[in-house]
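Novice: Protein sequence lines, in the order shown, are assigned to chains A and B.
Using our numbering, the first residue of the first sequence is number 5, and each one after it goes up by one.
Using our numbering, the first residue of the second sequence is number -1, and each one after it goes up by one.
For the record, the hints were derived by calculation from the structure and aren't laboratory data.
Any given hint might turn out to be false.
Here are the simulated DSS-like cross-link-like pairs (lysine-lysine), alpha carbons at most 27 angstroms apart as the crow flies [what the hints assert, rightly or not]:
{"id": "1", "chain 1": "A", "residue 1": "Lys98", "chain 2": "B", "residue 2": "Lys150"}
{"id": "2", "chain 1": "B", "residue 1": "Lys191", "chain 2": "B", "residue 2": "Lys150"}
{"id": "3", "chain 1": "B", "residue 1": "Lys38", "chain 2": "B", "residue 2": "Lys191"}
{"id": "4", "chain 1": "A", "residue 1": "Lys177", "chain 2": "B", "residue 2": "Lys150"}
{"id": "5", "chain 1": "A", "residue 1": "Lys98", "chain 2": "A", "residue 2": "Lys177"}
Among the chain B residues that face chain A by a calculated CB cut under 8 angstroms, a handful are [stated by the list, open to error]:
{"id": "6", "residue": "Asn96"}
{"id": "7", "residue": "Asp98"}
{"id": "8", "residue": "Asn161"}
Pairwise CB distance ranges (calculated) [stated by the list, open to error]:
{"id": "9", "chain 1": "B", "residue 1": "Ala140", "chain 2": "A", "residue 2": "Leu215", "range": "45 to 51 angstroms"}
{"id": "10", "chain 1": "B", "residue 1": "Gly31", "chain 2": "A", "residue 2": "Gly240", "range": "54 to 60 angstroms"}
{"id": "11", "chain 1": "B", "residue 1": "Asp162", "chain 2": "A", "residue 2": "Gly240", "range": "49 to 55 angstroms"}
{"id": "12", "chain 1": "B", "residue 1": "Ala138", "chain 2": "A", "residue 2": "Val209", "range": "56 to 62 angstroms"}
{"id": "13", "chain 1": "B", "residue 1": "Ala138", "chain 2": "A", "residue 2": "Ser95", "range": "23 to 29 angstroms"}
{"id": "14", "chain 1": "B", "residue 1": "Asp162", "chain 2": "A", "residue 2": "Leu47", "range": "51 to 57 angstroms"}
{"id": "15", "chain 1": "B", "residue 1": "Ala140", "chain 2": "A", "residue 2": "Thr146", "range": "49 to 55 angstroms"}
{"id": "16", "chain 1": "B", "residue 1": "Asp185", "chain 2": "A", "residue 2": "Asp6", "range": "23 to 29 angstroms"}
{"id": "17", "chain 1": "A", "residue 1": "Ala250", "chain 2": "B", "residue 2": "Pro64", "range": "24 to 30 angstroms"}
{"id": "18", "chain 1": "A", "residue 1": "Ser37", "chain 2": "B", "residue 2": "Asp78", "range": "41 to 47 angstroms"}
All figures in this text were calculated on a predicted structure; none of them were measured in a lab.
Backbone N, C-alpha and C fix where the C-beta goes; we use that ideal spot for every residue, glycine too.
Spelled out, the chains give:
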Amino acid sequence: MDAHVLGPWRAALIAVEHQWTWYRRNWRATVISNFLQPVLFLLAMGVGFGSQVREGAATGGHPYLVYLAPALLVITAVQNAVFESTWAVFSSFKWQRTYLAMVSTPVTPAQVLHGQLLWIALRLASGTAVFLAIAAALGAITSPSAVLAVPFATLAGMAFSAPVVAFAATREKPDSFNAVFRFLVMPMTLFTGGFFPLSQLPGWVHPLAWLTPVWHGIELARGATFGTLRLLPALGHVAYLSALVALGVVLGRRYFRRRLAV
Amino acid sequence: MSDLAANVTNVTSTLVHARGLTKRFGSFEAVRGIDVEVSKGEAFGFLGPNGAGKSSTMRMVSCVSPRTGGELRVLGLDPDTDGPRIRSRIGVVPQQDNLDTELTVRQNLQVYGRYFGLSRSAVREKAVELMEFAQLSDRADAEVEPLSGGMKRRLTIARSLVNDPDLLLLDEPTTGLDPQARHLLWDRLFRLKQSGVTLIITTHYMDEAEQLCDRLVVMDGGRIAAEGSPSELIRRYSTREVLELRFPPGEQSGDQVRDLAERVEVLPDRVLLYTPDGEAALAAAHARGVRPVSSLVRRSTLEDVFLRLTGRTLVD
Chain A
5 MDAHVLGPWR AALIAVEHQW TWYRRNWRAT VISNFLQPVL FLLAMGVGFG SQVREGAATG
65 GHPYLVYLAP ALLVITAVQN AVFESTWAVF SSFKWQRTYL AMVSTPVTPA QVLHGQLLWI
125 ALRLASGTAV FLAIAAALGA ITSPSAVLAV PFATLAGMAF SAPVVAFAAT REKPDSFNAV
185 FRFLVMPMTL FTGGFFPLSQ LPGWVHPLAW LTPVWHGIEL ARGATFGTLR LLPALGHVAY
245 LSALVALGVV LGRRYFRRRL AV
Chain B
-1 MSDLAANVTN VTSTLVHARG LTKRFGSFEA VRGIDVEVSK GEAFGFLGPN GAGKSSTMRM
59 VSCVSPRTGG ELRVLGLDPD TDGPRIRSRI GVVPQQDNLD TELTVRQNLQ VYGRYFGLSR
119 SAVREKAVEL MEFAQLSDRA DAEVEPLSGG MKRRLTIARS LVNDPDLLLL DEPTTGLDPQ
179 ARHLLWDRLF RLKQSGVTLI ITTHYMDEAE QLCDRLVVMD GGRIAAEGSP SELIRRYSTR
239 EVLELRFPPG EQSGDQVRDL AERVEVLPDR VLLYTPDGEA ALAAAHARGV RPVSSLVRRS
299 TLEDVFLRLT GRTLVD
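When you get a sec, could you build the whole thing from the sequences and use the hints?
Specialist: This is the structure we're talking about:
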């Protein structure tokens, strides 16, 4: 079979295969931040700090560890997406320049973006699945429906990742990526109802939390885990998260093209 | 390969056709309306100093950079509408290496080949063949990062051949390499040329252009200043021989020898006398009492052609 132009999906899959080739060699370097860190969080907050928290209305009647686990799944997805959506993307434009190599093959800038996003989605899905298994082993997961939290956490992670990837594609310097972590990821982690109910925060914070993908993700993940998720709000959350993904894809296509086809 | 693609190559032996091709970045016009025609089997060169518009032209031809204006056909197709199809049949060696430095030599070739729709087994075989060609077989499973500049460059060239391209575009293939690495690379490129691959090369080294190119254009300031084979250009724009007289900087205006040659160029550290007979001119200069620090009679090169056309030297 001679060289030919790949279909758009096939091209993205080959890009994933490319990433996988790298991952197979280097996965050890990612284990600490992707798997160990969230587990330490679960142990410190869930088991340690949680032992001091009485179960009640605020925890939905669940032990704190059980209450925390689905939310931590979403937070883990978003945290795992940070590096892959900023530094990794920036490097592929500027340092390693692998995107530049890709677009001198039949692959287009849009397909480069799709491949990157698909790869991040797979990383988030597998990362949260592993975390779920560890959390279950630690007794933090008591309901089988918690498996639904994995796709919800992945969706929330992508709702964060896709716009950030688009943003990273506009950067000439990586300076702003630390700010993304400090001013977006940290508050989204702490003040969106993951560790304690949103109702404990002043009213003006609520609308800000509602804007974040993390709050929607936590609502979905927790609702699915504890069987309290109702259809209409669920559709609303999924629609909002999907809209953020779509926005990121549309902007990303534009910025990738602008950067790679000059 | 598709029938259509096969037809396109059969119908025309012109692989690149450009008329009035321009490229603008904002208000800066990098390429100012050039006409280029490259035929199958040729080794064609763009010779010019940095900033002449060579790379911008190459990027348009390799269908990664859209043209601002003019006509452009590559393999008979329009890059604006058929970019991916053209790219599937060309090989690109960019000015700056963009290898995946955290993968092995072998993996770089295999991964890249997959983007051309080649099967896993096909890229496995191809990688072995290309590593042999690039003399990298003994480094097959070494990571790319610590390899020397010359090895990386050879790998980039090997990678550009993974799809058996009809046309290979090399942007400054040997810039930054030591002489030995350059010669090794030239040898590889010469082999490709012998095997019938059409080459387009940009360079600001006149020796590279002379070694590799059947035909070339001299570019300056986004325009084509002259076109022809290296020997034609030398014949047309220079004399057979050149007498170089070296002086301490600023001590010679050239006035004393101006009538001894067809043309005289005064550079900061030397005076060049363009003449059919360099030794005779040297004897005449000595007879007039001109005492240079050193002197040299040599044949004209493309450097002289460039100096004649632009009044500047190629490499500053």
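Novice: Can the suggested window of 41 to 47 angstroms be confirmed for the beta-carbon pair Ser37 of chain A and Asp78 of chain B?
Specialist: 43 angstroms, holds
Novice: Could one say that the CB atoms of Gly31 of chain B and Gly240 of chain A fall in the range 54 to 60 angstroms?
Specialist: 57 angstroms, holds
Novice: CB of Ala140 of chain B to CB of Thr146 of chain A, is that within 49 to 55 angstroms?
Specialist: 50 angstroms, holds
Novice: Would you check whether Asp98 of chain B satisfies its interface hint, that is, whether its CB is within less than 8 angstroms of any CB in chain A?
Specialist: 5 angstroms, holds
Novice: Starting from Lys98 of chain A, check that the Cα of Lys177 of chain A is at most 27 angstroms away, please.
Specialist: At roughly 9 angstroms apart (the allowed maximum being 27 angstroms), Lys177 of chain A and Lys98 of chain A satisfy the hint.
Novice: Under the criterion that the straight-line Cα-Cα distance not exceed 27 angstroms, is the pair Lys98 of chain A, Lys150 of chain B satisfied?
Specialist: 18 angstroms, holds
Novice: For the pair supplied as a hint, Lys191 of chain B and Lys150 of chain B, is the alpha-carbon distance within the 27 angstroms limit?
Specialist: 21 angstroms, holds
Novice: Look at the Cβ atoms of Asp162 of chain B and Leu47 of chain A and judge whether their distance stays inside 51 to 57 angstroms.
Specialist: Cβ of Asp162 of chain B to Cβ of Leu47 of chain A: about 56 angstroms, so the range 51 to 57 angstroms holds.
Novice: Restraint: Asn161 of chain B near chain A, CB-CB cut 8 angstroms. Satisfied or not?
Specialist: 4 angstroms, holds
Novice: Look at the Cβ atoms of Asp162 of chain B and Gly240 of chain A and judge whether their distance stays inside 49 to 55 angstroms.
Specialist: About 53 angstroms separates the Cβ atoms of Asp162 of chain B and Gly240 of chain A, which means 49 to 55 angstroms holds.
Novice: Measure nothing beyond the straight line between the CA atoms of Lys177 of chain A and Lys150 of chain B; if it is 27 angstroms or shorter, mark the hint as holding.
Specialist: With a Cα-Cα distance of about 26 angstroms, the restraint between Lys177 of chain A and Lys150 of chain B holds, given a limit of 27 angstroms.
Novice: Taking 45 to 51 angstroms as the stated bounds, is the beta-carbon spacing between Ala140 of chain B and Leu215 of chain A within them?
Specialist: 49 angstroms, holds
Checked against the numbered hints given earlier, the structure satisfies every one of them.
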